[in-house]
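**Q** Chain by chain, the residues run as shown.
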Amino acid sequence: MAELIVISTLNGVLFGMLLFLLSSGLTVIFSMMGVLNFAHASFYMLGAFFGYQLTRWIGFWPAFVLAPLLVGVVGMGVERYGLRNTHKHGHVAELLLTFGLAFAIEEIVSMIWGKSPVDYRVPAMLDFPAFTVFSTNYPAYKIFMLVVSVVIFIALLVTLKKTRVGLIVQAALTHPSMVGHLGHNVGRIFMLVFGVGSALAGLAGVIAGPSLVTQSDMAALLGPILFVVIVFGGLGSLPGAFIASLLIGLIQTFAVALNGSLASVFGPLDPSLGASPLTDIWNVTIAQIAPILPYVLLVLVLIFRPMGLLGTRES
Amino acid sequence: MTNAATPAPAVAKEESSGALTFYGVWLLAAIALVVLPLIFSSGGSLTSFSLIGIAIIFALSYNILLGQTGLLSFGHAVQYGLGGFLAVHAMNAVASHNWPIPLPVIPLIGGIGGMAFALVVGWVMTKRAGTVFAMISLGIGELVASSSLILRSVFGGESGITTDRTALAPMFGWTFGPQIQVYYLIAFWVLISAIAMYALTRTPLGRICNAVRDNPERVQFIGYDPHVVRYLAYMFAGFFAGIAGGLAAINFEIANSAYLGATQSGLVLFAAFIGGTAYFFGPILGAILVTYLQLGLTNVTSVWQLYFGIIFIVIVMFAPGGIAGILMKHRPLIRAGTLGTVIPSYLVAAIPTLALVLGIILSIETVARFASGDAINLLGIAFVPTAPTTWAAAAVLVVGGFLVARITWRRVAEAWDRAATVARDRGYLA
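Protein chains in written order, with this note's numbering: chain V, 2 to 316; chain F, 15 to 444.
For the record, the hints were derived by calculation from the structure and aren't laboratory data.
Please read all numbers here as calculations on a predicted model, not as lab measurements.
Glycine residues also receive a C-beta, built at the ideal position from the N, C-alpha and C atoms.
Treat the hints with care, as some may be off.
A few chain V residues facing chain F, derived, Cβ under 8 Å [unchecked claim]:
no. : residue
1   : Val74
2   : His92
3   : Val232
4   : Asp281
Restricting the straight-line Cα-Cα distance to at most 30 Å, the calculated cross-link-like pairs of lysine-lysine (BS3-like) are [to be verified]:
no. : chain 1 : residue 1 : chain 2 : residue 2
5   : F       : Lys343    : V       : Lys162
6   : F       : Lys343    : V       : Lys89
7   : V       : Lys116    : V       : Lys89
Please work from the sequences and hints to get the whole structure.
**A** Following this line, the structure appears as structure tokens:
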């Protein structure tokens with residue numbers, strides 16, 4: 002039991018930090034431009050595939066640096082040549098543009114790399130057990146992922162709260178025209194922020210790729226959970242996204258590790274009842290309902306606290 | 015809009031002729047639905063017509079949300095799928111108990127299923143519009159789609175639940191075994207649903223929905239609750255989506271979890287938006303186009319979904335009104351008789367645009383078939399995907415086409431401005 006708790010906590014925090022790496026970019030972009038970037042998870046997937054391809058060509062460490070930059074460039078292109086032109090048609094058009102983009106990116110990725118998972122492996126340098134807890138070896142690569150996530154988190158926080166760049170970005174969030182009058186190029190700030198947000202997603206993809214499965218449906222699997230995170234945390238709230246990411250990461254990891262069902266607690270149902278929704282619910286294990294838990298959380302938070310955990314406004 | 019610029023008697027005349035065209039259009043639609051299978055009687059075209067009919071109801075129901083009320087839903091397939099599942103279960107129950115319920119009533123049961131789901135979850139979902147609603151609908155859609163794999167006894171797991179439409183009591187000697195009878199059943203429901211949904215746009219509720227879309231605050235000031243209006247619209251959309259789902263269940267004789275999934279929700283969004291959400295007939299055009307492309311392109315290319323995505327992005331960026339919007343923009347020019355001045359510039363712009371499109375198709379197919387090495391047949395010319403000449407041709411077409419098209423489209427805009435000014439002078443608002 003203690004083993005399960007320690008390992009699940011570690012994995013949960015790791016998954017949570019990865020979610021935060023993704024949702025931080027999404028949240029900053031959303032609160033800045035009011036655009037809900039549907040293609041954010043697709044940038045994450047692009048990061049993983051660029052990472053895989055560059056690792057094969059030039060090795061993991063150059064890929065670790067280059068792939069997020071490439072994704073950032075793609076993101077800037079999307080902002081400059083897509084979103085900026087669509088802005089005049091309103092936020093729904095922008096949302097639809099990113100929706101179409103997510104669809105197209107998935108198709109392009111499966112066209113180039115195929116629909117089955119690619120062989121994106123942990124670099125040999127990090128392919129050893131870091132430590133052993135209760136006879137389970139905990140891989141060093143996961144520690145590396147955790148460290149990268151934490152470093153990015155702190156760097157993001159410090160940049161936004163303590164530096165001049167963060168000051169201008171934060172001001173541009175709320176008063177774009179005022180910042181423009183002060184001589185800053187607001188359009189370029191938007192483009193750069195979008196690029197940085199996409200690069201963060203790309204970085205998450207590069208480091209998560211070897212640990213999770215790198216294939217063309219990884220964006221579609223993660224995308225909806227990302228939206229749950231930012232609605233749950235409160236739209237536009239970075240601390241909210243942080244708490245929600247960790248919470249959802251932990252809940253999902255623990256749920257996957259638990260094998261109990263109502264039947265295992267209260268005993269099996271009378272077999273004469275046959276197959277019915279009741280027997281389905283009775284026999285389903287907690288591990289099986291792990292995928293739907295985030296959405297259950299979403300519904301609950303909407304009923305009891307519509308602005309999300311740390312959100313300040315309703316819409 | 016045109017009424018404002020024309021004198022009062024002309025307005026009255028237009029209204030009476032409007033009523034005539036109104037009934038005329040529905041009558042024509044009914045005749046077309048009856049006659050179509052007599053002209054195109056092959057099994058393949060009957061199947062396509064049936065699929066298009068289902069897609070039309072589904073896309074129109076989606077437009078109650080997106081076009082009428084301004085709610086962008088990413089989970090509309092949930093109501094469609096639940097309607098389908100309820101219809102399948104109803105068919106099985108009717109067949110096993112020998113109840114005297116004929117097949118044509120089954121879609122109604124599907125509709126009630128879709129509406130019932132909307133009744134339960136709609137109140138929480140429709141509290142807010144815009145981005146928040148979009149995300150919640152996505153979450154609810156994922157929740158139901160994932161739950162359907164857990165509740166195996168109801169949803170049949172991955173394989174789904176099958177039924178037999180001929181096991182129900184025949185009606186007027188029709189057993190609904192042959193596809194032609196199923197087609198007429200679908201056609202009947204298409205006409206009924208389309209008229210009902212059009213009538214809905216003309217009711218006070220439909221008008222208030224438009225007002226909620228445009229300015230919810232003012233709706234609140236005049237004493238309506240936008241939340242209730244959105245909730246009602248959501249239920250009606252769920253009802254008609256359920257009818258479409260029920261028809262799909264009858265057509266395929268199976269309902270599975272793919273009915274509820276994100277792909278289905280995405281396709282209906284594509285259909286409604288590509289067709290155009292601002293006009294009632296927009297989603298109909300979109301449903302026809304998307305279903306036709308889906309059926310036609312799958313035989314030609316392995317990456318047909320990518321073309322969908324690209325068409326959608328192009329529409330969002332350059333023609334947010336969809337195909338219906340593009341068509342209706344020309345109406346004042348036709349009335350003022352100035353369309354002729356624009357057409358030559360269109361023809362000039364068409365050539366480089368076509369080159370650009372062909373270049374893009376060639377590039378995509380080159381990448382898609384690079385591994386297999388299958389030749390690309392474009393306008394009767396066979397291109398080998400591994401040959402550098404193919405890449406060069408694609409590059410020339412894309413770059414050259416783009417540069418020339420940019421200039422010619424600027425010309426189109428100028429010609430358009432001139433034509434629109436003349437039209438405006440003659441009293442037709444463009």
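**Q** Now tell me, hint by hint, if it's right for this structure.
**A** Quick rundown of the hints versus the structure:
Annotation: Val74/V was flagged as interfacial toward chain F, and the flag is violated, the nearest CB pair being 19 Å apart, outside 8 Å. A hinted interface residue such as His92/V counts as satisfied when its beta carbon comes closer than 8 Å to some beta carbon of chain F; here the least separation is about 7 Å, so the hint holds. Here the hint on Val232/V is kept, as its CB sits about 5 Å from the closest CB of chain F, short of 8 Å. The restraint placing Asp281/V at the interface with chain F holds, with a minimum CB-CB distance near 5 Å, inside the 8 Å limit.
Taking the CA atoms of Lys343/F and Lys162/V, the gap is near 49 Å; set against the 30 Å cutoff, the hint is violated. For the hint pairing Lys343/F with Lys89/V, the CA-to-CA distance comes to about 18 Å; that is within 30 Å, so the pair holds. Distance restraint check for Lys116/V and Lys89/V: the Cα-Cα separation of roughly 36 Å exceeds the 30 Å cut-off, and the hinted pair is therefore not satisfied.
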